[in-house]
Structure formats: C-alpha cells, structure tokens
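Just need the whole structure built from these sequences, with the hints factored in.
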Amino acid sequence: MPSLHRSLSFSQGLGLLASALLGTGVFIVPELTVKHSGANALWGWGLLVFAIIPIAFAFARLGKRYPHAGGASHYVHSAFGATQGRIVGWVLLALVPVGLPAAMEMAGWFLTSLIALTSIELLAVKLTLVAGMLWVNLRGVKLSGSLQTAIAFSVGGIVVLLSILAWLDVIPPAPAEPSSFNWEQVGAAAGLAFWSFIGIETLAHLSTEFKNPERDFPLCLIIGVALVGLVYWMGSWVTLHYALGADYSGPAMVYLFDALIGGHGKLLIGLFGFLSCVATMNIYLAGSSRMLWSLGKDGATYPALGKVNRHGAPANAVFVMSIASIASLLVFSVLQVPLEELIRMANGMIVLVYLLTMLSAIRLFKGKDRILPGLGALVCLYLAYTLMSSLWCIAVVYTSIFIILKVRKPKQALMGAQA
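Following the numbering used here, the numbering of the sequence shown begins with 39 at its first residue and continues without gaps.
Quick caveat, the hints were computed from the structure, so don't treat them as lab data.
Where is the CB? At the ideal position from N, CA and C, for every residue including glycine.
Hints are not guaranteed to be accurate.
[Said to hold, decoys possible] Heads up, simulated BS3-like pairs for lysine-lysine below, C-alpha to C-alpha not over 27 angstroms straight-line:
#, residue 1, residue 2
1, LYS249, LYS345
2, LYS304, LYS73
3, LYS73, LYS404
4, LYS102, LYS249
5, LYS102, LYS304
6, LYS345, LYS102
[Unchecked claim] Derived DEER-like restraints, expressed as beta-carbon distance ranges:
#, residue 1, residue 2, range
7, THR156, TYR423, 40 to 46 angstroms
8, LEU305, THR156, 43 to 49 angstroms
9, ALA120, THR424, 39 to 45 angstroms
10, LEU377, LEU305, 21 to 27 angstroms
11, ALA120, LEU268, 36 to 42 angstroms
12, ILE409, LEU152, 47 to 53 angstroms
13, HIS349, TRP221, 49 to 55 angstroms
14, ILE409, THR150, 32 to 38 angstroms
15, THR156, ALA120, 47 to 53 angstroms
16, LYS73, THR424, 14 to 20 angstroms
This is how it looks when you write it as structure tokens:
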C-alpha cells in the first residue's frame, strides 16, 4: 500500500509545531495570565515549560523509536494492545469536532476586530476556511509546512520584537503593582497557560513524513517547545511591565504594538492573530487526517481511508475530517455552546491521551528511560485533577468507544464493516 511522502524538513516541522503551540493563544493567553496572577505569571510560565519538557521528551523518544502516522494511538497500541490504541485514535479524532469550533470562535474574534460581520457572514467565512484548509491538505504536508512556518515565525517575531523594543525603553514602564511570590497564583497561571501547549501530540502523527525522522523529529519537538515557551514568557513579561495598569482599551498586544511601533496595531495584530488561529486549525486537520489514514491502513475502519493521492496526502481521510469539521461548526453554531465549555472538553481529551501515552512509554522503555515519562504521567494526573468538572464527559467518550470496539469483531470498522 502507498505510504505518506517523506517531504518535511526540520524547519518546516518546527514551523508546524510552533504554529500549533502559538496558535490561538500567543496574543491572548499572556495577557490573561498576567491579569490573573500578576508577576507570578512569569513563574507560572517557567514552571509550565519545565513540566511540559518530560512529556515532550517522551513523545520525542517514542517518535524516534516508533515513527508512525498513528502517533499516540500507535504508541498505546504497541504498549497495551489494539483496543486501547484504537480508543486513543478515536478520542483524538473526536477532539477535532470539539476543538476546531473553539479555534474558529477565536479566529472570528480577530477577524471581527478588523471588519464588521453578521453571524451568518461569519459562519460563511468559517466554512470557507475549512474549504481552504481542505485544499491545502490535499496538496500534501510539504505545502502546509511551508505556509505554517511563515505564519508561525511571523507571529512569534512580533512578540519578540515588542519585547526587545520595550526592553530598550522605547516607552516607559507601566506603574508597577506590588506583589509577592504566591504558589497558588503560580499554579493558577500554569494551569491557564497549559492550553497554549496543546499540540505536541499532533506532530507525532507527522513523524513518518520527515525526511530524516530519527534526527529531525526529536530535535524539532524539544527545540520547538523551548522556543515557544520563551515566546510566551516574553509576551507575559512585556505585558506585565509595559501594559498592565496602563491607560488603554482592547487587547494589550494591540496597545503595545501601537505604543512601540507607531500605529496599525489593530490591523496587524488582528491579521496575524487570525492567521495564527487558521494555522492551528490547519495542523489539527493534517494530524487528524493522518490518524484516520492510519486506522484505515491498519484495518480499524474503511480500507479506502488508508489510501493516498499523487501528492502523498491521505485524500479520503482529509475529506472525511473536513466534512466532520463542517458538521460540527454548524451544530455548535446552532446550539451556541460556550467557548469555555468547548475548551474544557477538548483539553480533557488531550490530558487523557497524554496520560495514556506516558504510561505507554513507561511500559515500552527500560531502566532510566522510564524516568521522564514517569514525571510526565504525574504532570498529566495533576492536570486531570484541575479538569475534574469535565472528566465525566471524557469518561463517557472513552467508555462508549471501548464498549463498541469490544462488541464488534477486531477487524470490523468502528463506522461499519464492509460487507
């Protein structure tokens, strides 16, 4: 059976990961953490980066030893068997119809800050975006990687530039508010900031498409997490010292851009914020399509989903995930589900996947190699504790998939077996 093309370079992979992690949060989350925790937000970001590193290392080592488009699903399969692996695969697929509408809401916020749109017009724009991402992903991950790289480094570059200009005293610091170290506020900031690091698992689906996966995939993951953590920390630092307490209305990044560079902040921050959201959604569509392709190739769903087109892209899987995304957009638009609830549900699913992946690494690795995934598992358990209110939903999803897979024959597809 044809395989996915190995077309990703190190820089393109780094761009894909950076855009997934910077995503919807780079212009929003630093301000939220600073407003919530003040100076303790900087400690929170540092703590989070150190907490994410064991998880990133575990994913990197798993991707190096077991490169597979199934990503986390394949790792869990290798450690705990086909049923658990397929459950993780379907949980990740279920994440897209929940997470994509949330990201679309944020993209819509940036877009409507630039132009006035009615709810119907905004929905039409969202559907058009899905169609555009469908076209990009049908052309293969190389084109997608090139676009993501440009967007990711542009967005990150803006935050770094603002921080450097502020450090050079282009504008005076904002009035400082007295604060003392507080573990509770540090933990709260880290918990809020965690949402910005969701995306590590998506790069695992693309590990087989690196030109040199054993070298480039682990480097891309570790360097990407470190660089993105630095960008978020710098964004929080410049917001804390030069925007918090200043006289402005609207997002802090818009105020900082206008003050430090001289106008057009609303236009540029709105534009790049919108593009950043689109980049995040694009990599999730790419990752989920490869997950579905992997399930089709392994006989866990329709075999037709395990085929690729002449560009080496899993075309049928891309079409299915795009249709599912359109359906979810329409349903959530009608039901008007709150953004916060979508985020909690999506992150609960991701914490479950991360935890099962860490447990898989503990089982697959030997000796000292188990230490980092062990630490990662503890981090996941703590995050699960913070998401306790939404865990019932995740338990229902997991149990339902488990029962369906047990009732059907191993070779039957979850969505129906061929006659």
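Problem - Agreement of LYS304 and LYS73 with the hint, judged by alpha carbon distance not exceeding 27 angstroms - result: Holds: LYS304 and LYS73 sit about 21 angstroms apart, inside 27 angstroms.
Handout entry: Given hint LYS304 paired with LYS102 - CA-CA distance at most 27 angstroms
Key = 42 angstroms, violated
Problem - Pairwise hint evaluation, LYS404 against LYS73, where the allowed Cα distance is 27 angstroms at most - result: Distance of about 44 angstroms is beyond 27 angstroms: violated.
Problem - LYS345 paired with LYS102 [C-alpha distance capped at 27 angstroms] - result: Holds: LYS345 and LYS102 sit about 24 angstroms apart, inside 27 angstroms.
Handout entry: Consistency of beta-carbon spacing, LEU152 to ILE409, with hint 47 to 53 angstroms
Key = 48 angstroms, holds
Practice task
Using the beta carbons of LYS73 and THR424, state whether their distance is inside 14 to 20 angstroms or not.
Solution key: Cβ of LYS73 to Cβ of THR424: about 19 angstroms, so the range 14 to 20 angstroms holds.
Problem - Pairwise beta carbon distance, ALA120 to THR424, judged against the given window 39 to 45 angstroms - result: The hint (39 to 45 angstroms, Cβ to Cβ) is violated, given that ALA120 and THR424 are roughly 31 angstroms apart.
Exercise for the section: Would you mind confirming whether the straight-line C-alpha gap from LYS249 to LYS345 stays at or under 27 angstroms? Expected result: 20 angstroms, holds
Practice task
Just tell me: holds or violated, for the beta carbon distance of LEU305 and THR156 against 43 to 49 angstroms?
Solution key: 21 angstroms Cβ-Cβ, so the 43 to 49 angstroms window is violated.
Handout entry: C-beta pair LEU377, LEU305: status relative to the range 21 to 27 angstroms that was hinted
Key = 24 angstroms, holds
Practice task
Just tell me: holds or violated, for the beta carbon distance of ILE409 and THR150 against 32 to 38 angstroms?
Solution key: Taking Cβ atoms as reference, ILE409 and THR150 lie about 47 angstroms apart, which means the hint is violated.
Handout entry: Hint check for TRP221 and HIS349 - Cβ pair distance inside 49 to 55 angstroms
Key = 51 angstroms, holds
Hint compliance for this structure: hints 3, 5, 8, 9, 14 are broken, all remaining hints hold.
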